[in-house]
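Participant: Listed below, chain by chain, are the residues.
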Amino acid sequence: GAGVSQSPSNKVTEKGKDVELRCDPISGHTALYWYRQSLGQGLEFLIYFQGNSAPDKSGLPSDRFSAERTGGSVSTLTIQRTQQEDSAVYLCASSLGSSAGQETQYFGPGTRLLVL
Amino acid sequence: QQPVQSPQAVILREGEDAVINCSSSKALYSVHWYRQKHGEAPVFLMILLKGGEQKGHDKISASFNEKKQQSSLYLTASQLSYSGTYFCGTANQAGTALIFGKGTTLSVSS
Numbered sequence: 001g002a003g004v005s006q007s008p009s010n011k012v013t014e015k016g017k018d019v020e021l022r023c024d025p026i027s028g029h030t031a032l033y034w035y036r037q038s039l040g041q042g043l044e045f046l047i048y049f050q051g052n053s054a055p056d057k058s059g060l061p062s063d064r065f066s067a068e069r070t071g072g073s074v075s076t077l078t079i080q081r082t083q084q085e086d087s088a089v090y091l092c093a094s095s096l097g098s099s100a101g102q103e104t105q106y107f108g109p110g111t112r113l114l115v116l
Numbered sequence: 001q002q003p004v005q006s007p008q009a010v011i012l013r014e015g016e017d018a019v020i021n022c023s024s025s026k027a028l029y030s031v032h033w034y035r036q037k038h039g040e041a042p043v044f045l046m047i048l049l050k051g052g053e054q055k056g057h058d059k060i061s062a063s064f065n066e067k068k069q070q071s072s073l074y075l076t077a078s079q080l081s082y083s084g085t086y087f088c089g090t091a092n093q094a095g096t097a098l099i100f101g102k103g104t105t106l107s108v109s110s
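Chains A and B, in that order, are what the protein sequence lines are.
Heads up: the first sequence at position 70 corresponds to 70 in my numbering, and the numbers run straight through without jumps.
Heads up: the second sequence at position 92 corresponds to 92 in my numbering, and the numbers run straight through without jumps.
In case anyone wonders, no lab produced these hints; they're calculated from the structure.
C-beta: ideal position from N, C-alpha, C; glycine also.
A portion of the hints provided could be inaccurate.
Said to hold, decoys possible - DSBU-like cross-link-like pairs, simulated, lysine-lysine; straight-line CA separation at most 30 Å:
no., chain 1, residue 1, chain 2, residue 2
1, B, K102, A, K15
2, A, K17, A, K57
3, B, K102, B, K67
4, B, K26, B, K68
5, A, K57, A, K11
6, B, K59, A, K57
7, B, K26, B, K37
8, A, K57, A, K15
9, B, K26, B, K102
10, B, K26, B, K67
11, B, K102, B, K59
12, B, K102, A, K57
13, B, K68, A, K11
14, B, K37, B, K59
15, B, K37, A, K11
16, B, K37, B, K102
17, B, K26, A, K11
18, B, K102, B, K68
What the hints assert, rightly or not - Partial pick of chain A residues on the chain B-facing surface, computed with a CB cut under 8 Å:
no., residue
19, Q41
20, F65
21, S66
22, E68
Stated by the list, open to error - Partial list, computed: chain A residues near chain B (C-beta under 10 Å):
no., residue
23, A93
24, T104
25, Y106
26, F107
Let the hints inform the model, and build the full structure from the sequences given.
Facilitator: The following block contains the structure:
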C-alpha cells in the first residue's frame with residue numbers, strides 16, 4: 001500500500017513569508033507526528049496527533065508554528081513569518097495507534113525548506 | 001531527555017563488524033532503531049520493549065538493558081548497503097513521540 005506522502009518535496013521561501021507543508025499519513029493510521037531535522041542533527045519532535053484527542057504541541061519551537069489535522073487524516077504544518085533558522089527538513093510520520101513508545105513509525109520523504 | 005549515541009561516526013570495510021550504543025539518563029521502557037540514508041526518510045529497523053531483550057534480523061541485531069538504561073546495535077559482516085546514519089529513539093515522558101539521539105554515521109567501503 002501507499003506510504004506516508006508529503007508535499008511539496010522542496011520549498012524555497014523568503015524570510016517573513018508563511019509556508020504550509022502537507023502530510024498524508026498511511027490509511028488507517030490514527031497517530032501522526034511531525035519532526036524537524038536540521039543539517040547534521042537528529043530528529044526533533046514538533047507535534048503529535050492521535051485521533052480526535054487534543055494534539056501534543058509540546059515540541060513546537062515558537063508560536064509561529066502551528067499544525068492541524070482535518071478529518072483525522074491529512075495534516076498541515078504552517079510556519080508563519082519564516083526565519084532563516086527554520087530551514088530544515090520537515091518529516092511527517094504515522095503509526096497505527098496511540099503508543100509512540102511501542103509502535104513502528106513510518107516516515108514520509110520529508111519537505112526540504114530553505115528560507116532565504 | 002535526548003538519548004546519547006556513541007560513537008558519532010564509524011568507518012568500516014565490507015565484512016567488518018560495528019557496535020553502536022545508545023544510553024539515557026532516564027528510565028527506558030523501549031528503544032527504537034532507525035536507519036536513514038542520505039536524502040531519504042528514516043527507515044524502521046527494530047523496537048526493543050523488554051529489559052534484556054535481544055532482537056535481530058539478517059546480520060543486524062540489538063540488545064536492550066533496561067537496568068543500565070542502554071541499548072546497543074550490532075552490525076555483523078557489514079555490507080555496503082549498511083551505510084547511513086543510525087538513530088536510536090526513546091519515548092518521551094507523555095508517550096506521545098520519540099526523542100531521537102543525534103545519530104551515528106556508518107560508512108562501509110569495499
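Participant: Does the alpha-carbon distance linking B:K102 and B:K59 stay inside the 30 Å limit?
Facilitator: Distance of about 23 Å is within 30 Å: holds.
Participant: B:K26 and A:K11: Cα distance at most 30 Å?
Facilitator: violated, 37 Å
Participant: Was the hint right that A:T104 lines chain B, CB cutoff 10 Å?
Facilitator: Constraint on A:T104 satisfied, holds at 5 Å.
Participant: Hey, B:K26 versus B:K37, does the alpha-carbon distance stay inside 30 Å?
Facilitator: holds, 29 Å
Participant: Take a quick look at whether B:K37 and B:K102 sit within 30 Å of each other, Cα to Cα.
Facilitator: holds, 14 Å
Participant: Given the hinted pair B:K37 and B:K59, is their Cα-Cα distance within 30 Å?
Facilitator: Holds: B:K37 and B:K59 sit about 18 Å apart, inside 30 Å.
Participant: So if I understand the rule, the pair passes when the alpha-carbon distance is 30 Å or less; does B:K26 with B:K68 pass?
Facilitator: holds, 10 Å
Participant: Check the hint pairing B:K102 with B:K68 against an upper bound of 30 Å on the C-alpha distance.
Facilitator: Distance ~20 Å between B:K102 and B:K68 Cα, so the pair holds.
Participant: Does the structure keep B:K68 and A:K11 at a Cα separation of 30 Å or less?
Facilitator: violated, 43 Å
Participant: Assess, step by step, whether the Cα of A:K57 is no farther than 30 Å from the Cα of A:K15, and give holds or violated.
Facilitator: holds, 24 Å
Participant: Below or equal to 30 Å on CA atoms is what counts here, so check B:K37 against A:K11.
Facilitator: holds, 21 Å
Participant: Checking hints one by one. Is A:F65 an interface residue toward chain B, by the C-beta closer than 8 Å rule?
Facilitator: violated, 15 Å
In the structure shown, a violation is registered for the earlier hints numbered 6, 13, 17, 20, 21, 22, in ascending order.
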